[in-house]
Each structure stands twice: as structure tokens, then as C-alpha cells.
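Asker: Please take these sequences and the hints and turn them into a complete structure.
Going by the numbering used here, the sequence shown opens with residue 1003, and the numbers climb by one from there.
For the record, the hints were derived by calculation from the structure and aren't laboratory data.
Owing to the predicted nature of the structure, the values given are computational and were not obtained by experimental measurement.
Don't be surprised by glycine CBs; every beta carbon is placed ideally from N, CA and C.
You can trust all of the hints, since none of them are fake.
Derived Cβ-Cβ restraints for the label pairs, each shown as a range:
{"no.": "1", "residue 1": "R1034", "residue 2": "G1068", "range": "30 to 36 Å"}
{"no.": "2", "residue 1": "H1050", "residue 2": "P1023", "range": "15 to 21 Å"}
{"no.": "3", "residue 1": "Q1074", "residue 2": "G1038", "range": "31 to 37 Å"}
{"no.": "4", "residue 1": "A1081", "residue 2": "A1143", "range": "26 to 32 Å"}
{"no.": "5", "residue 1": "G1038", "residue 2": "D1110", "range": "24 to 30 Å"}
{"no.": "6", "residue 1": "R1034", "residue 2": "A1113", "range": "25 to 31 Å"}
{"no.": "7", "residue 1": "G1038", "residue 2": "R1077", "range": "24 to 30 Å"}
{"no.": "8", "residue 1": "T1011", "residue 2": "K1109", "range": "15 to 21 Å"}
{"no.": "9", "residue 1": "K1088", "residue 2": "A1143", "range": "28 to 34 Å"}
{"no.": "10", "residue 1": "H1145", "residue 2": "E1073", "range": "23 to 29 Å"}
{"no.": "11", "residue 1": "V1140", "residue 2": "G1090", "range": "25 to 31 Å"}
Here are the simulated SDA-like pairs of lysine to any residue, each with C-alpha atoms no more than 25 Å apart in a straight line:
{"no.": "12", "residue 1": "K1109", "residue 2": "P1149"}
{"no.": "13", "residue 1": "K1109", "residue 2": "S1126"}
{"no.": "14", "residue 1": "K1088", "residue 2": "P1149"}
{"no.": "15", "residue 1": "K1109", "residue 2": "L1076"}
{"no.": "16", "residue 1": "K1109", "residue 2": "S1127"}
{"no.": "17", "residue 1": "K1109", "residue 2": "G1097"}
{"no.": "18", "residue 1": "K1109", "residue 2": "G1090"}
{"no.": "19", "residue 1": "K1109", "residue 2": "R1034"}
{"no.": "20", "residue 1": "K1109", "residue 2": "P1099"}
{"no.": "21", "residue 1": "K1109", "residue 2": "L1013"}
{"no.": "22", "residue 1": "K1088", "residue 2": "S1031"}
{"no.": "23", "residue 1": "K1109", "residue 2": "R1027"}
{"no.": "24", "residue 1": "K1109", "residue 2": "S1141"}
{"no.": "25", "residue 1": "K1088", "residue 2": "S1022"}
{"no.": "26", "residue 1": "K1088", "residue 2": "T1040"}
{"no.": "27", "residue 1": "K1088", "residue 2": "L1076"}
{"no.": "28", "residue 1": "K1088", "residue 2": "P1023"}
{"no.": "29", "residue 1": "K1109", "residue 2": "Q1089"}
{"no.": "30", "residue 1": "K1088", "residue 2": "S1026"}
{"no.": "31", "residue 1": "K1109", "residue 2": "T1040"}
{"no.": "32", "residue 1": "K1109", "residue 2": "Q1094"}
{"no.": "33", "residue 1": "K1088", "residue 2": "D1012"}
{"no.": "34", "residue 1": "K1109", "residue 2": "R1077"}
{"no.": "35", "residue 1": "K1109", "residue 2": "R1096"}
{"no.": "36", "residue 1": "K1109", "residue 2": "E1073"}
{"no.": "37", "residue 1": "K1109", "residue 2": "G1092"}
{"no.": "38", "residue 1": "K1109", "residue 2": "Q1037"}
{"no.": "39", "residue 1": "K1109", "residue 2": "S1026"}
{"no.": "40", "residue 1": "K1088", "residue 2": "T1011"}
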Amino acid sequence: MSTTTPPATDLRLVVGYDGSPPASRALDSAVRLLQGRTGRIELVYVAHMPSMAALSPGAVTELETGFDDIEQELRTMAAEQLRGRKQGWGFQRRGGPIAEELIAVAKDLGAAHPDATVAIVVGSSSQITHRVVGSAAVSLARHSPVPLVVVP
1003 MSTTTPPATD
1013 LRLVVGYDGS
1023 PPASRALDSA
1033 VRLLQGRTGR
1043 IELVYVAHMP
1053 SMAALSPGAV
1063 TELETGFDDI
1073 EQELRTMAAE
1083 QLRGRKQGWG
1093 FQRRGGPIAE
1103 ELIAVAKDLG
1113 AAHPDATVAI
1123 VVGSSSQITH
1133 RVVGSAAVSL
1143 ARHSPVPLVV
1153 VP
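Answerer: Right, here's the structure in full:
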């Protein structure tokens, strides 16, 4: 005889979001994971600054302005994708290596909500170079201290 496992009382999902098709699929999957559960989706856009840009103050300023524009566009896209959904959600921009920043957000949520189950949801990369040098999903699979869902 099998029994149904009751849903977690509070589920906090960290979704890596850059507006790409894999990120949109990850967001859709997070919404499905929250169906029938209490919880929240925290969308995280990680703006990664190339190391060469750090050499020029003008380039840094230009990139930051570009990141601001991208952040606004991504917030709008996410709001559209989540329109009509009951789940609460938030959006934040971080800077640094993608996997490290997603893990940091997950740890912060775990500390702020110790009774919650925290998980990271990301889309898989379709770039051929990521099969050789690795992707955020591969790095997360190696280092994530919380459950990880990689959406194809």
C-alpha cells in the first residue's frame, strides 16, 4: 500500500531567469511545482560583467546602464508570463558567477525561512560550448546545497 506524501508546507523556488527559452521553461516548471502548495518563486537575473570591462570605468558604467535596461525588460517578461497565477513571486538582479549567485539566494531564503523547503530551478543550456566547459546547471549540480531541478 502506498500513501501520498503531503506537500511541503512552504516551498521557496529560486529560478534563474534571463528571458531565454530555457529560463521560461524553468519558470513554467516552478509554477507547476507550486500548484497546490504554499510558497513563492524568486526570479534571479544574474548580470555577469566580463573581466575586461572592469578595466575601464566608462565601460563599467555603460554595462551597468545596459543591465538596468535588461532587468526592466526581464521583469516585464516575467510579469507577463506569470499573469493570472496565484503564486507570489519576486525578482532580483545579482552580479557575479551565475551558479554562485543562485546558491547565495537559496541560502538567504533558507536562513530567512528555516521551515521552508528551498530548491533551485534552472533551464538546461543548449549551447554546444557548455558541454565542453560547463554551464551554470552543471556547476549547480556539483555544488548546490539545496535540491536542484534542471528543466530540459
